[in-house]
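Trainee: Protein chains in written order, with full-length UniProt numbering: chain A, 1 to 391; chain B, 1 to 391.
Treat the hints with care, since some could be wrong.
Put simply, identical chains are the same to the list, so a pair is met inside one copy or across any two.
[Said to hold, decoys possible] Calculated cross-link-like contacts (lysine-lysine; reagent style DSS-like; alpha-carbon spacing at most 25 Å):
1) LYS350 with LYS16
2) LYS236 with LYS357
3) LYS377 with LYS137
4) LYS377 with LYS201
5) LYS373 with LYS327
Hints in this document: simulated from the structure, not taken from any laboratory.
2 protein chains.
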Amino acid sequence: MRKHKIVINYFSSNFKLGVLGGGQLGKMLLTETQKFDIYTVILDSAADAPCSQICNEFHIGNLMDFDTVYNFGKKVDLLTIEIEHVNIDALFKLEEEGLEVYPQPSVLQTIQHKGRQKDFFVENNIPTSPHKRFTSKEELLKETFNYPFVWKSAQFGYDGTGVKIVKNENDLNSLNDTDCIIEDLIPFKNELAVIVARNKKGDIKTYPVVEMEFHPEANQVEYVICPARIEDSVAKKAREIALKVAESFEHIGLLAVEMFQTENDEIIINEVAPRTHNSGHYSIEASYTSQFEQHVRSILNLPLGATESKAAGIMVNLVGEEGFSGKVVYENMEEILSMDGVTPHIYGKKETRPFRKMGHVTIVNDNLDEARKIAQKVKNTIRVISNSKRN
Amino acid sequence: MRKHKIVINYFSSNFKLGVLGGGQLGKMLLTETQKFDIYTVILDSAADAPCSQICNEFHIGNLMDFDTVYNFGKKVDLLTIEIEHVNIDALFKLEEEGLEVYPQPSVLQTIQHKGRQKDFFVENNIPTSPHKRFTSKEELLKETFNYPFVWKSAQFGYDGTGVKIVKNENDLNSLNDTDCIIEDLIPFKNELAVIVARNKKGDIKTYPVVEMEFHPEANQVEYVICPARIEDSVAKKAREIALKVAESFEHIGLLAVEMFQTENDEIIINEVAPRTHNSGHYSIEASYTSQFEQHVRSILNLPLGATESKAAGIMVNLVGEEGFSGKVVYENMEEILSMDGVTPHIYGKKETRPFRKMGHVTIVNDNLDEARKIAQKVKNTIRVISNSKRN
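So here's chain A without its partners, still in its complex pose:
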C-alpha cells in the first residue's frame, strides 16, 4: 500500500517529486532539487514555462483540470505546488489514495478562498481586520457600508488583481459580480511578511520579518527589505503570529504570512500564501537556507535549515515597463552587474508586457543602509523593455 511506503532516499534515487506549476517559483525550486539531485517532474499549461527545459520531466496540461492533475499525481511519489490555483478535488482524491500532497489539500482549499481564509483566522483567534462574506454582487449591495472599505474577490486574485479600495458609492459600480469579501480598511505603518517552514514531524521555523517599502507616491511596493526596520518587540510579535498561523493550519511546507503593523503597533494578518513567495526571494543570497531549499526540506520531512541571514538583503522586482510589449530586452544589465552584491534573476519569459513579473534583483550587503542605497541605484538603472515594438 502506497500510504505506508517509506522513502528513505531522495538523493540520486528513483524518488519522483511532482510539482504543479512551472513558473518562476518552480524554476527557483529546481535550483535546489538539482543541487540535491532529486528527480523532479513538473506540470504546467505553457510549453515554454520557465521550468520547461531544466527539469527531469515536463508535462503540459491544465492545472485546474481534474483528470490532468489526478493523472499527473499518479506518476509521482510526492506532490507539491508552486501556484495555489490548482484542482483541489484531484488533490483530495490523490491524498485519499495515499499520495503525500504538501501543502495539504485541506489547507489549500481554505487558503484558495479568501472568505474561508478569513473565517479560519477568526475561528483560530488570529488577528485580522473585521470582514464580511458575500456570494454575489446583489447580496453585497444590500449591505450598509462604512466608506472606505476593502473589497476582495474571494478567488483567483493575484498580485493585487481582485482587490479594490471602495471609497464611495460610485466605486461600487466597478466591482465584479462574484463571490467576495469586504474588510475594514485599517490604516497601517508597515506592510510586513514572515515566511514559516513546517515539516511533517512538526519542526517549525520562521524567517526574519521582512518589510515592504512602498513608493511614496505610486503606492507600489518597491523594495522587500530583510530585516524589516522595525522594533524588536514588533518583529517578535510578527514572528509569533506567523508561527501561530502555520500551527493552526498544521501546514506542511512553506507558508508566507503577509501582515500589517497598525498605527498602534498591533500586528494583523492580511493574507497567507501556502508556498514560496516573492517576499522570500532575498533568502537565495542572504539567508543560510534559501526559501526554496527550505520548502524542499519541509515537504520531504527533512530537518529544517537555519533561517538566519548571512547579510542584509533587499529585493527589487523586475517588471515589464509600461509602453513596451514583445521580445524582452534587459537594458543596463551591465551597469547593475557592476554594483557590489547585486544578483539579477531572470525568469526566462521571452516576452515582456506592462507590469509582467520578468525577474528580480537581490542586493546583499553587510550594511542594510548601504544595501538600500544600492537597491535604489539598481531600481533607477535597469529597465525591462522591448526593442521590437512600443505600444
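Using the hints provided, position chain B relative to the given structure of chain A.
Mentor: What follows is chain B alone, placed relative to chain A:
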C-alpha cells in the same frame, strides 16, 4: 563577419553559450546560466552526465575528437570549457574562424601540458619549484637524481593521478613511460589556492586565499577552508602571485592557482587549472559572487562580481567510500542536514566507486572555528556507500 559580431544581450536572448564537458562543474555553472536565463548547450561523452537533463541542449560526443568539437563549436556563439582535456586543434580553428573561445586555446595548450606550464612559469618569473622535462622514460633514466623528487606525467593527470613522489631508485620502476617532468620536492607548511577571474576588458579580481587542510595521517585533503588561517602578509603575497599568473597568460575566464607556502613563507606555484575549481566550491554559499557566476561574467566580458565572503566557508568533498561500488546511497544525510549552515551538493552520478567524487558539502558560519567543528562532524557522519553490493 562573425569576429565583429557584438552580442549585446545574453539574457533571454538567442545567444548560445557552448560548454565542453557536462560534469559537476558544468552542472554548477548551469545554476548560474539558468539564473540569468542564458541559453546553454553542452557537449559530453556520457549520455547520463550530470548536465544532461538540465541544459537547453545536450549533445553527446568525444571531447578529444577534432570534428566533434569543431562541429559543436559551429553551433554556438561563445565557447567555454569545464574540463581542460579537450581537442585544442579544433578550438584553434574555431578561434581563427572568429568564434570567441574562453579560456583561449593558447592558454589551454600551455596549461594542458605540465612541461609547457612549468616553462611558462619560469619564463614569466613566476616562482615555482625547479623542474626538468623528459619526453620518455628512457630519457628520464639517463638523469642523475636527488631523492626524493616529484614525478608528474605531462598530460592527462587528474586529482593526483599521474603524480608520484619518488623516494629511491626502486620507485623508478613504477613510473610510466611517458612525456613527463620532475620537480624538486619542496617541504611546505600549507597548500593554498587562489581563484582569479579576468574578463576581456582586462578587469581582474582574486578571491580570498583558501587553505587545504590535510588528514594528519592519510595525507589527503580533508577540508578546503576560506579564509586560509595564515598571516595577512602571506595571503597578500599569494593573491599577488595569482594575479601575476593570470595577467601573464592574459587569461580570460576563471583561473585556479594552486600553491605552496614554504617553510620560509615563500609562495611557489604548484599548478594552475583554467576553469572553476574544487577549491572554489565554498563560494556558492560563502561568497558574494559564486565562482560559477564569476566564470560566466568573465567569459561574457561582463563586470566582475564582488569576491568577498559573506561568512566563513569550509568545503568537504563527498567521495565514494572504499569497499562500495554500485547504485549510490548517501547515508546519514538527515543528520548532516540538521547541522546549521550545512549544504550538501549531490552531483547526480548514479553509481558510486571507491574515491569517486560524488558531491561536496559546504559549511558556512559567522565563525571559522565553529565552521571547522561542524565540518568535522559532517565528515564523520555522512557516508557515500551502496546498498546493492560491497566489493
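Trainee: Now tell me, hint by hint, if it's right for this structure.
Mentor: Hint-by-hint comparison with the structure:
For a Cα distance limit of 25 Å, the shortest separation of LYS350 from LYS16 across copies, 15 Å, qualifies, whereas the shortest one inside one copy, 29 Å, does not. Taking the shortest Cα distances, LYS236 and LYS357 never come within 25 Å of each other, neither inside one copy (31 Å) nor across copies (44 Å). Proximity of LYS377 and LYS137 under a CA criterion of 25 Å is satisfied in neither setting, with 45 Å inside one chain copy and 62 Å between copies. Taking the shortest Cα distances, LYS377 and LYS201 sit within 25 Å of each other only across copies (24 Å), while inside one copy they are farther apart (44 Å).
When the C-alpha separation of LYS373 and LYS327 is checked against a cutoff of 25 Å, the pair qualifies neither within a copy, at 31 Å, nor between copies, at 51 Å.
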